[in-house]
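Asks: Generate coordinates for the entire structure from the input sequences, incorporating the hints supplied.
Below are the chains, spelled out letter by letter.
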Amino acid sequence: AQKVTQAQTEISVVEKEDVTLDCVYETRDTTYYLFWYKQPPSGELVFLIRRNSFDEQNEISGRYSWNFQKSTSSFNFTITASQVVDSAVYFCLFMDMGRRALTFGSGTRLQVQP
Amino acid sequence: NAGVTQTPKFRILKIGQSMTLQCTQDMNHNYMYWYRQDPGMGLKLIYYSVGAGITDKGEVPNGYNVSRSTTEDFPLRLELAAPSQTSVYFCASSHGRTNTEAFFGQGTRLTVV
Chain A
2 AQKVTQAQTE
12 ISVVEKEDVT
22 LDCVYETRDT
32 TYYLFWYKQP
42 PSGELVFLIR
52 RNSFDEQNEI
62 SGRYSWNFQK
72 STSSFNFTIT
82 ASQVVDSAVY
92 FCLFMDMGRR
102 ALTFGSGTRL
112 QVQP
Chain B
874 NAGVTQTPKF
884 RILKIGQSMT
894 LQCTQDMNHN
904 YMYWYRQDPG
914 MGLKLIYYSV
924 GAGITDKGEV
934 PNGYNVSRST
944 TEDFPLRLEL
954 AAPSQTSVYF
964 CASSHGRTNT
974 EAFFGQGTRL
984 TVV
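So the protein sequences, as listed, match chains A and B.
For the first sequence, this note's numbering gives the first residue as 2, with consecutive numbering after it.
For the second sequence, this note's numbering gives the first residue as 874, with consecutive numbering after it.
I should point out that these hints are in silico values taken from the structure, not numbers from a laboratory.
There could be a bad hint or two in this list.
What the hints assert, rightly or not - Part of the chain A face toward chain B, derived, beta carbon under 7 Å: (1) Pro42; (2) Gly44; (3) Phe48; (4) Ile50; (5) Arg51; (6) Phe55; (7) Glu57; (8) Thr73; (9) Gly99; (10) Arg101; (11) Gly106.
Cβ atoms here follow ideal geometry from the backbone N, Cα and C, with glycine treated the same way.
Replies: As structure tokens, then:
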């Protein structure tokens, strides 16, 4: 069975600080997908990024960047120059290729103070 | 496109009552899922379906039932509500093959008293 660990339960930063959210996963599968979703205080789940296990290229999208390292089973997420609007719970997810079902980490609550 | 639509948004049930949480998607997605989110926790998979007529249990299926008679609809049934089923329920869908991104509904907040 797959497991996703987000060891940081809550992080608090001051606006404009950079922050990295950690994600470590366990699987015996050789092919899979990894995701990050954001859950703002309003409660909906917002897709941020998908990465498949074949593609270890890091990605940058504006202030967001992701570092996928298959050798350490990690898929970390960095927000540069954080803003108050970034305050949310962030989930790292694993998708197996069979059921296509998502396994969630427990989430990291990010508080960005003005 | 409306995406994934869940109804109702809120519901209070008494212990022992039954109800159906509705979920419909208009994206012609094959894969559909039901998750529950307990306070301060990640989401746990209740049931999933890979296509019409096919359903299977997830991580926490006890106390729930599902059906998938059409591609669009994936209702979740609670037969005998218990306080332990107080949670926020999310329905999601995914194309599964060409695009694996999961689209989530807005959630149903259920309280069992």
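Asks: None of the hints should be skipped; say for each whether it holds.
Replies: Hint check results:
1. Pro42: Because about 13 Å separates A:Pro42 from the closest Cβ in chain B, which is outside the 7 Å limit, the hint is violated.
2. Gly44: holds, 6 Å
3. Phe48: This hint holds: A:Phe48 lies near chain B, its Cβ roughly 5 Å from the closest one there, short of 7 Å.
4. Ile50: Hint on A:Ile50: violated, closest Cβ of chain B at ~10 Å, above 7 Å.
5. Arg51: Holds, about 6 Å.
6. Phe55: violated, 13 Å
7. Glu57: Hint on A:Glu57: violated, closest Cβ of chain B at ~17 Å, above 7 Å.
8. Thr73: It is violated, given that the least Cβ distance between A:Thr73 and chain B is near 21 Å, above 7 Å.
9. Gly99: Nearest chain B Cβ about 9 Å off; hint violated.
10. Arg101: Interface hint status for A:Arg101: holds (5 Å vs cutoff 7 Å).
11. Gly106: A:Gly106 check passes; min Cβ-Cβ to chain B is 6 Å, inside 7 Å.
In summary, the structure is inconsistent with hints 1, 4, 6, 7, 8, 9 from the numbered list given earlier, while agreeing with the others.
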